[in-house]
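Hey, can you work out the whole structure from these sequences and the hints?
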Amino acid sequence: MSQVGKDIPHDSAVGHVNGQSVYIDDMPPIKNELLVDFYYAPVSHAKIRKLDLSDAEKIPGVVGLYTYRDLDGENKFGPILKDEVLLVEEEIEFMGHPIVVIAAENRKAIESAKKAIKIDLEKLEPILTIDQAKERKMFIGPVRRIKKGDAEAALKKAEHVIEGRFCNAGQDHFYLESQAALVYPGEHKQLVIHSSTQNPTEVQEVVAHLLGLSMNQVVCITKRMGGGFGGKECQAGHPAAMAALVALKTGRAARIIFNKDQDMQVTGKRHPFQNDYKVGFDKDGRITALKADLFSDGGAANDLSTAVMARAMTHTDNAYYLENAEITGTICKTHFPPNTAFRGFGGPQGIAIIENIIEEIATYLGKDAIEIRKINLYGINERNVTPYGQRILENSLPEIFEKLEVSSDYKAKRKAVEKFNSQSKTHLKGLACTAVKFGISFNTKFLNQANALVNIYTDGTIQVSTGATEMGQGVNTNIKQLVAGEFDIDVDHVIVMATSTEKNNNTSATAASSATDLNGSAAVNACQKLKARLTDVAARHIETLEKDILASPTNIIFENNFVYDNRRPDTKVAFKTLVKKAYHERVSLGERGFYATQGIDFSWDTGPEGTAAGQPFLYFTTGAAVCEVTIDRFTGELKVDSADILMDVGAPINPGIAKGQITGAFIQGMGWVTTEELRYADDGLLVSHSPTTYKIPNIQDIPKVLNVNWIDKVNPVNVKGSKAVGEPPLVLGLAVWAAVKNALAYVSGGEIAKLHLPASNEEILTRLHQFLTAGSKKELAHKH
Amino acid sequence: MRDYLLFYVNGKEYRVSGQDAFQPLSSFLRYKLDATGTKVVCEEGDCGACTILSGRIKDGELQYKPVNSCIQYLYQLDLAHIVTVEGLTPKGELNPVQQAMVNCHGAQCGYCTPGFIVAMCGLFDKQKKASECQIKDALIGNLCRCTGYDSIIKAGLAVEVDKVLSLKQLYPSQAILSQFAAHKKESVCIKAEGKTVFLPSSIKDAISFKAENKEAVIVSGGTDMCVNMNKRAYDPQTIISFCNIEGLSEIKIEKNILAVGSRITLSELEEFIKDRLPEFHHLLWLFGSPQIRHAGTLAGNIANASPIADTPPFLFVMEAQLELSGSSGTRTVPINQFYLGYKKLDLKADEIITRILIPLPEKQEIIRLYKVSKRKNLDISTNTAAIRATIKNGKTEKIAIAYGGVGPVVFRLPKTEAYLTGKELSLPNLVEAGEIAVSEITPISDVRGSKEFRNLLAKNILLKFFYDTDEAREAACHK
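Going line by line, the protein sequences match chains A and B.
Just so you know, we're using the numbering used here here: the first sequence kicks off at 11 and counts up by one.
Just so you know, we're using the numbering used here here: the second sequence kicks off at 324 and counts up by one.
Keep in mind the hints are simulated off the structure, nothing from the lab.
Listed below are the simulated DSS-like cross-link pairs for lysine-lysine, each with C-alpha atoms no more than 25 Å apart in a straight line:
1) LYS714(A) with LYS459(B)
2) LYS125(A) with LYS518(B)
3) LYS527(B) with LYS381(B)
4) LYS649(A) with LYS477(B)
5) LYS41(A) with LYS355(B)
6) LYS699(B) with LYS435(A)
7) LYS118(A) with LYS514(B)
8) LYS377(A) with LYS413(A)
The following block contains the structure:
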């Protein structure tokens, strides 16, 4: 019986289906609890001349109105650069920026207070595009560079060169549970915060910092999130801090729950990118040089933008070997809410650049893009070093491509698409196969650590606590299986507890797909220490039960809820009996485990000419997807006919959960590249701020045929041979986009068809129209 | 006159009066009953997390339909039995739908899950077996951000249907029905903090109340008005709720005219016209979600007067008539003359829409309806179009074209129609017609698309019509 590798239900599944799972807004209110909300900046960029709260204060039910002056700590924070203010001081830098925190007895008082706040503004011109920021040289952080070989010289020598600009738009996280926090004040300015956050330690730190408390005065607890996707990595701190401010000032419990519109309008998104590229290649499509200048829209403050840019730059190569490369990354400062982490964390944006380039090379050379991809794939023994100098080990990409091309019936599909397009007057099909090679580990080395607390109780049951937070991805189920697996006991005897900074300190965000890798490894580490002690107890105990053998810990086996000495396999001691025995012998039944990823290092200036270099990643999660799409030539409407996904995800700890991650991420990626369009008014107001206007994929949008598989491969460097799987499959959504681009190539007459991301029906129809106008008129004349 | 609402939640009776009557059901469930399994995400009926089953009397028994509890105010739910996620497992065990969702990893973060469970239980309450297609159709109104839906569909297919207990079995209806019957005859009026809601039991009561309270607004399905109340601080002081009104719930065909009572929901209409008007049936499938269609009415879609409403283009080309009843009697108005301007109607303050009369098309007529939206399902249109044509001897004998989303109201395109009348519906003629159509419309750029996109669509729809009707035109030629 091995618990690891089993397909068992998510540990919260029962509560989810019967409505008993508790989220922040479901926690019963306590006596005197206050509602918290905030008045936010109505414009993108302005100076506050005067703020008048006198009318708002008088509204019955309003208990407190707080501005930056009420923060006892420093109103300046940020996970990397301390460049963000929680509450606006003099200058508004984005629409939605909180100015006044409102505490009230009821919702009506809050709404009235918002209307009664008077503000006098001196409007300033906002920067709302990357071009405007470039023009005004408004940047965040330094320009970063990755350099390998001599791209400039290789471009000069290249047989063919394409250059262009590629833009991708942002994406809203659209977690179903909006940002939320509930704060209970305690003695001596101590606070207990329940937060829907991916990063309880950061909430603890941010709250302490802003409110002038020390970290040990603040406990942050996260039971679960109703989705996170990166949106609650940093930005859960803001609501928590606002509620904490109220709790501290009033001594009353304080709860803040964003509504969906507010959440979408005030929080950051996936970073839009605008990239200029120049690629050199030979007649076969082999890339000889790439120059890519990446510009991201960071929003008004850094948040995680520098780290997101790092991942974008280290993923611009994606699955393809670049002999000569020069990649730069610049973060533009604009007057939007600070853009933040979103599943993939810059990886999808970096990868989109080269997947777009490959489609263009294929059109340019008149070849099938899959051939261009195969010829450029990273090799096994050669052509296997990334632009930042990391050698790729255990490369499964060639195997994946070989198998997927067959299993997806790619060649037959291609023929069918060609035939269809030559015949159909009403629809157009496209086919593409794109890849993903996603580096696993935080680019920032010190974040790659975790601790875990494992407590065994005298009835043989176990509680585990780690820094990992559960947002639906199943990390708790994975950890539960790992822990049960260490002792080989039933998974039902293990509970993974709510994440709390009281039990696990200085934790990293549940991010970078690595929560199971890091926290699971730490939990295993704790279990191994406990198991060593229990093994000793068992050996001694069995010695007393059996004649003729001496205690020998090395012969002790934990199996199927029992323990035995393999020299006397019939004498089995129940795990819970052993635990009781250990307790009576005064052996510690609690343990803290620790894990720090070994062998990784990365810096921004140790490469050639002071560029980036190192081994940022412990390993890579890889995969590829083949997608076929059909476009309505008259409306631009897109249907995804099929998606065949094949990945290397190692040996999953829970195959059902791994599959759910792959499918969910892929569909989320598909949403990013198709229907999820953030529309802004000219003044920077987000007008698509709820599901009525912001369209994430619906159940009817998923591919008619969807095959999700992985190759049989064990990852030698990670816990139980598994691989991180949360983010990488999102990137495969790009196969849908690439298939649209491929479809356009059928009507472009050899011209490279430009296509922005997302390929909404409007974007598709507009592009189609450019090619079809001339053509269709000719065709009509011919026909009649 | 009764001064309280009476309804049941999970088999338990509730009587609500005063200010409490003026709140969405989702708030009542979560904050009054502490039944927090029902989640609220968007407050506009576009995500389905708050889905509950609303049981109402039809044909002498309670029929349960999934609706969005965030846009169902309590005064719309008098004499209804509400079943929430908590009420689907009275014995505390998982039901077969829940068990399948657990086994198939149908839930990840769990926030959308209760809504999915309720919607799926609604499906299996209605029918014993469901195909993949039916499962997907039943879940159009529920958004999930985690799973990519595949595992949810698989769960639907894995439900042990033989073990499903119907809601009738879970909640014996006799006591509820007799309680409802005892309360049904009276109209209800509730006043609180300056607001009034009136629930007439008859058309007569409704009209006389409307005549005395001209500012009163009618809430029937409420799928649009309640969104405005939740989101845009829309706060009507006098409301007439149609939830108990008798005499408006008839749908029938008489002398080749489809007569739709104004309380007929879009889903009832969808069901009724399935074989008779396949094109309109398909359009209704694209209309909102099951939750919306179970609440919303055709009359509401008309009276709401949105230029991007889905049904009016069809009604325009069919030259439907609206039957309006007021204190001075009943009159009919052609829908083509009903809209006087943006959200302005030929409807007197004391009038209500009682029926929609739709002449059915002749067999040889060609009808095509188009809805273009960013997302195929559960989206509001960017452009809508309806085209109705009669072809004789290869020429267009009659043609009617109505567009929505390209002006302040839905309207016909008289110049385009005139151009095409008497001509062959050939590609060059339709290309030319497209140019004329563009001259007749005044689209704007907004969140759903740019002006340019809409102009392009206005032309392209005619070309799409050409190819869509290839066979139909061919058939017409040979007759």
